[in-house]
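Chemist: Work out the full structure, taking the sequences as your base and the hints as a guide.
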Amino acid sequence: MVSSQASEIKRFEALYRRCYQRLFFHALSYVGDNYIAEEIVNTAFVKAWERFSDIQDESTDNYLLVIVRNGCIDYLRKRIHQPSIEEFPSLSTFHEESNYQEYEEKISAIENAIKQLSPVTRCVLYQCYYERKTYKQVAEEQSLTERSVKRYIMKALKFIRENLQPLGS
Amino acid sequence: MDIHSEKFKQMLREAVLKTESPEIDVDAKWNDFKAKHISAEEIKKKERAKSNKRIAIWSFCGVSAIACAVLLFLLFQTNKHIIDPGNDEPSPLADTQTPIFEKVEDESSHILLIADGRQFTIGKTCHYNYIDSVIAAHRLTPKEIVIRTPRKQSARFWLPDGSEVWLNAESQLSYKTSKSDLRSVMLNGEAFFSVTKGKGQFVVETPYLKTQVFGTKFNVRAYSREDAHVTLIEGSVKVSTPDENKQVILAPGEDIRLSSSQKDFVANHVDVDNFLAWKDGDFYFDDEPLENLLMELGRWYNITVYIKNHHVCRQHVHFTASHDEDISDVIGLLNMMGIAKITLKEKEIIVE
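Those protein sequences? They're chains R and A, same order as listed. The working numbering puts the last residue of the first sequence at 793; the count rises by one with no breaks. The working numbering puts the last residue of the second sequence at 353; the count rises by one with no breaks.
Hint data in this document are derived by calculation from the structure and do not stem from the laboratory. Be aware that one or more of the hints could be misleading.
Within a straight-line C-alpha distance of at most 20 Å, the following computed EDC-like cross-link-like pairs (lysine to aspartate or glutamate) qualify [stated by the list, open to error]:
| hint | chain 1 | residue 1 | chain 2 | residue 2 |
| --- | --- | --- | --- | --- |
| 1 | R | LYS779 | A | ASP3 |
| 2 | A | LYS8 | R | GLU786 |
| 3 | A | LYS200 | A | GLU165 |
| 4 | A | LYS8 | R | GLU728 |
| 5 | A | LYS177 | A | GLU165 |
| 6 | R | LYS671 | A | ASP33 |
| 7 | R | LYS774 | R | GLU755 |
| 8 | R | LYS634 | A | ASP26 |
| 9 | R | LYS739 | A | ASP272 |
For clarity, every value in this text was computed on a predicted model and none was experimentally measured.
Modeler: Written out as structure tokens, the structure reads:
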């Protein structure tokens, strides 16, 4: 009994280490707050642990992904006081695709492409896509023209798209 | 995948967030999780919802090193301040025709990154590995990195050890890139530090003061001898004069200044948020001499300040405004206080 629990803990630890960062940044990209994201991910792992012996190891990562997304939806709903899911179109599209491995592959490919971009481009991408600043705001803060900002974004998207082609659509 | 779809945009959002953020210490997270949820006791206890949140917050902060806050009292004298360093009692208002703060003719509006003499312009907010990537992109091997802010602009960036720095206007921070010197910086002006728990102490040196910490959040203000102080947010910090003759250990929530005789430290308990208002883009002066406020305005708006009524400028005021506001609005607000009459001309203000 003791040894099987020890090996179970080891397996769960492996799962935890494999998925933690991805799940954290996934949550953070929706909720925008480090503490909230951490809480959502933590809760997901607690639930996963509680049910760990019942669920097959292979699909626990999918389970975690769904729990984390639900956690994000709950949080966003409470904050924006909207009952319907149509408010967050990107969240609803994701429900079709709950396979952790596939998601991991796709997003890793995007990350690898980003890492090859120049520092200025990455900075501009971060400010526009994550901080949701307008081209004008980014231009002011980074001492660029709006046109340059737009060009950086266009070039980045082109590069990323080219790098994603091998994976298919 | 269609790059114009919402789905792709969201994935790009997440991807760029991850690449431009510091790595997470998963070891720490796992140890924490294991201790709280996998021990035999915890499996029985299910009532941890509330404390989990608190602990999650504290352990997350632990990663970013909530250790100590130290107040540093730094003095920074620039040739733009007309202050006679020889005087025992600082009196910058000796001559009504001499301004207490002068605007700069050559108004640089760029934040500079200087690597061994080569200058680069950087933006206000640099994400995590921006400095590293600039160096890599230009294939530099600098021995020293300097970040310098002009008037009117503050900057935020990360140091090689993962510590975060907010640099106020008209300030400069420099560090050497050799491995042994990574956690030692030189500061002129004002900065807020969020120091990671790294190898060895993190040292902030200024012309007048030295701080040594292990991992803390603290604010150092050192524009002038009178207006220099250090505010501690968390943990404890050792503050000393450069020769380490005088030393003080600060507790959280304390702010330390040099006494007017400048021979001793004076510590006060304060509401730390007030001292950090500049980080959020606000001016905040609580019970401070009007003069300090005027100098800060000079710094942010790059204007010259002439004092005709010295008496008034020694009065203490409480004032707050946003950095974004027009100087004329700020002057209007000040005039409403009814303490002094402040006139704004082209690039100068006159106080009487």
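Chemist: Against the earlier hints, flag every one the structure doesn't satisfy and list their numbers going up.
Modeler: When the structure is compared with the hints, only number 9 turns out to be violated.
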